[in-house]
Amino acid sequence: MSTVDRSTTERLEQVIFAARAGGVLHQQGQAHRRYEFGQKVALATTNRGNWFVAAMLCEGNPYDGHTLNATLCRVESNTGVALTDAYVDKGYRGHDYEGEAAVHIAGRGSKRATRVQRKRRKRRSAIEPKIGHAKSESRLGRCYLKGLAGDAINVVLAAAGANFRKLLRLLRCARGVEQTFQLNFAWLWHLLRWPNHHPRFKIA
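Here our numbering is used: the first residue of the sequence shown is 19, the next is one more, and so on.
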C-alpha cells in the first residue's frame, strides 16, 4: 500500500470511528495528533492560581470566538465576581463578547501593554497544560457517559476533580508546614526549658 493510500485509509478509519462514537471530528494543529473526535468544550481558569472557574459543553463545532460570551457569562455566574480582563489566544479573533471586561488577544497590542498586562499575557498559556492534565488525569480525554448530557456532565466533573486535587495538594502542603512548625517549636521550647539536656548546648 502506498503512502497516499495509507493516509487516506487512516483518515477514513478516523472518520468512521468518530461517527460511531457520536462525536465531531476536529482538526488539530499538532504534528503528533492531526485530528481529534468528540465535542468541543469551553474552559476558563484564573490568571494567577489556574483554578477552573468555568467548564461547559459547546455542542457541535462552533467557532471559538462565538463561545466567548457564554463562557465569560458562566464565569461571572459561577464566581459572582465581575470580570475586568480576559486573556485569550488568536483563535478568538472576531469574538461575540460585548460585556464590560477587556478582551486581550495574544499577539495584539503587546507594545502598548503595561508591565502588569504583559505579565498576565504570559500567564495565558498556562491553561494549555491544565487542559492536558484534565484530559489525562480527569478523564476529559474520553467520556464514557451517554449522549450530550453525559458529555456536559463529564466536562464539569473533570474540572471539579482537577480543582479538588489541587485543593488537597495545598491542604497537604499546609499540613506539612504546620507539623514542621510544631516540631521546631517543641524542640525550641524543650531547649529553652531544659538547656542541659541537649548535648550541644550544655551550660557549665
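There could be a bad hint or two in this list.
[As the list claims (entries may be wrong)] Straight-line Cα separation of at most 30 Å, BS3-like style, residue types lysine-lysine; simulated pairs: (1) Lys58 <-> Lys153; (2) Lys153 <-> Lys164; (3) Lys164 <-> Lys58.
Hints are computed from structural coordinates only; laboratory data are not their basis.
Broken hints, numbered, in rising order?
Of the numbered hints, all hold.
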